[in-house]
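2 protein chains.
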Amino acid sequence: MVMKPSDIRMSFRTEENTGTTSGMCEKYTQANLVTLPKAYAFDFLLFCMRNPKPCPLVEVMEAGQTVPKVAEADIRTDLPRYRIYRDGKFTEEVLNISDVWQEDFVTFLIGCSFTFEQALLDEGIPLFHQVQKKVVPMFDTTIPLETAGIFKGNMVVSMRAVPNELVQRALSISDRFEQSHGSPVHIGDPEEIGITDLQKPDYGEAVDFDPAKVTPVFWACGVTPQNAALQAKPTIMITHAPGHMLITDQMDANY
Amino acid sequence: MVMKPSDIRMSFRTEENTGTTSGMCEKYTQANLVTLPKAYAFDFLLFCMRNPKPCPLVEVMEAGQTVPKVAEADIRTDLPRYRIYRDGKFTEEVLNISDVWQEDFVTFLIGCSFTFEQALLDEGIPLFHQVQKKVVPMFDTTIPLETAGIFKGNMVVSMRAVPNELVQRALSISDRFEQSHGSPVHIGDPEEIGITDLQKPDYGEAVDFDPAKVTPVFWACGVTPQNAALQAKPTIMITHAPGHMLITDQMDANY
Numbered sequence: 000m001v002m003k004p005s006d007i008r009m010s011f012r013t014e015e016n017t018g019t020t021s022g023m024c025e026k027y028t029q030a031n032l033v034t035l036p037k038a039y040a041f042d043f044l045l046f047c048m049r050n051p052k053p054c055p056l057v058e059v060m061e062a063g064q065t066v067p068k069v070a071e072a073d074i075r076t077d078l079p080r081y082r083i084y085r086d087g088k089f090t091e092e093v094l095n096i097s098d099v100w101q102e103d104f105v106t107f108l109i110g111c112s113f114t115f116e117q118a119l120l121d122e123g124i125p126l127f128h129q130v131q132k133k134v135v136p137m138f139d140t141t142i143p144l145e146t147a148g149i150f151k152g153n154m155v156v157s158m159r160a161v162p163n164e165l166v167q168r169a170l171s172i173s174d175r176f177e178q179s180h181g182s183p184v185h186i187g188d189p190e191e192i193g194i195t196d197l198q199k200p201d202y203g204e205a206v207d208f209d210p211a212k213v214t215p216v217f218w219a220c221g222v223t224p225q226n227a228a229l230q231a232k233p234t235i236m237i238t239h240a241p242g243h244m245l246i247t248d249q250m251d252a253n254y
Numbered sequence: 000m001v002m003k004p005s006d007i008r009m010s011f012r013t014e015e016n017t018g019t020t021s022g023m024c025e026k027y028t029q030a031n032l033v034t035l036p037k038a039y040a041f042d043f044l045l046f047c048m049r050n051p052k053p054c055p056l057v058e059v060m061e062a063g064q065t066v067p068k069v070a071e072a073d074i075r076t077d078l079p080r081y082r083i084y085r086d087g088k089f090t091e092e093v094l095n096i097s098d099v100w101q102e103d104f105v106t107f108l109i110g111c112s113f114t115f116e117q118a119l120l121d122e123g124i125p126l127f128h129q130v131q132k133k134v135v136p137m138f139d140t141t142i143p144l145e146t147a148g149i150f151k152g153n154m155v156v157s158m159r160a161v162p163n164e165l166v167q168r169a170l171s172i173s174d175r176f177e178q179s180h181g182s183p184v185h186i187g188d189p190e191e192i193g194i195t196d197l198q199k200p201d202y203g204e205a206v207d208f209d210p211a212k213v214t215p216v217f218w219a220c221g222v223t224p225q226n227a228a229l230q231a232k233p234t235i236m237i238t239h240a241p242g243h244m245l246i247t248d249q250m251d252a253n254y
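Chains as they are written, first to last, in numbering that gives the first Met the number 0: chain A, 0 to 254; chain B, 0 to 254.
Rather than coming from a laboratory, the hints here were simulated on the basis of the structure. It should be emphasised that the depicted structure is a prediction, and the values quoted were computed from it without experimental measurement. Keep in mind that the hints are not guaranteed to be accurate.
[As the list claims (entries may be wrong)] Derived BS3-like pairs (lysine-lysine); straight-line CA-CA distance at most 25 Å:
no. : chain 1 : residue 1 : chain 2 : residue 2
1   : B       : Lys52     : A       : Lys68
2   : B       : Lys212    : B       : Lys199
3   : B       : Lys52     : A       : Lys52
4   : A       : Lys52     : A       : Lys151
5   : B       : Lys151    : A       : Lys68
6   : A       : Lys52     : B       : Lys68
Between the sequences and the hints, there should be enough to build the whole structure, so can you do that?
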């Protein structure tokens, strides 16, 4: 039985469930989270607008607001895991952010490729990370981003190994999901975008596959802001833990 | 002979020319200007994103930047007239803003209905304000906007009196120009949107027409932020003077 978003979120709030959201609540939009003090919010909003492929905005919340429009959720407790960055360094992974919440925090919700995974499955494209119960592998790349104020850096991508004969289909399915990163940013040779070893992801977990039969396909990833934060060094920045998203109450319009 | 945008802008810079830009440099995009200290920039950017009809973003500049991407211009001198608002009150109209410029100023360029006026003329729709050499009449309305932080209020509209039989054509022409306010927000009875007297505009100048033969058509207007500023009361906010826009170097893609 498929659980409702509100039930799943409650299991995160009670910390009964703390794993990846990949494959949960099929067809509902999932979102990356970035929370920053308002002093950084203009630069970050501009960064998202200038880099819509890795940072498609689902919602921008007002300072201090904890309940978004896209989900009857408390964004401080209703994701399975969060990461805290201080002065550009990753310092802690936590199960809620109630204790560190500040009234001047502005939260950005950014589209996520998990949203189109069910569409891939429905059209016969296997998802190895789901079968192998792994967090989807994600990689830093050499693909440059447009700078905005203090935010700059390279794109982070998620990788799915797609059977060679299904690559074109995966491309055209994901292309419909513009608010969830849309079509891939790269297909094939990982070295062309600066990835040296597919078995050593920068985020998430490595997935087993037979390189002769599949092609690595790379989508822009909402973990990109975490990479940008390492360089921008805001005093504090909170994100979801890679692979551990906000599940919204909105069924994606592309289903 | 039609002057080039750079030549016209130079005539504004030297203050040889200080009038409305309506009808100038046909087919080039014109833009409204809003300049604010960076402390207000996040709220204002969010206000624009939530109200794309009156505030379609052409460009958002970095703090302290004076040369936009859309024009080889200095935005401190190359518009014919500016207005300065302090603590929510209109205090001065000036020909340049060099003396009041601050390093933390962020400038927003917002689409303008002047951009599609040539398309209206090309398809046989007369523009009474151009014939009568008036600044297009603009009105405060009761059409509410989405609030963002300190910015809120009602929409400002520009009015063009269109011969009855040409209203549908004016609608479909302007609809193409999405980044310049697009289709009208109201057609006909001004009282329905809170306008009591078409001969008493809140901005610009009244235009003569025969009410039996024409229909008033109202487009969302980039003066809307000036109305919002009256309520938000930022310490300082600079805008173009209504009708006195930035002429960019970009030919509108809809021509």
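Do the hints match the structure? See the list:
no.	hint	in the structure
1	B:Lys52 to A:Lys68	holds (21 Å)
2	B:Lys212 to B:Lys199	holds (20 Å)
3	B:Lys52 to A:Lys52	holds (24 Å)
4	A:Lys52 to A:Lys151	holds (14 Å)
5	B:Lys151 to A:Lys68	holds (19 Å)
6	A:Lys52 to B:Lys68	holds (21 Å)
This entry satisfies every hint, going by the numbered hints stated previously.
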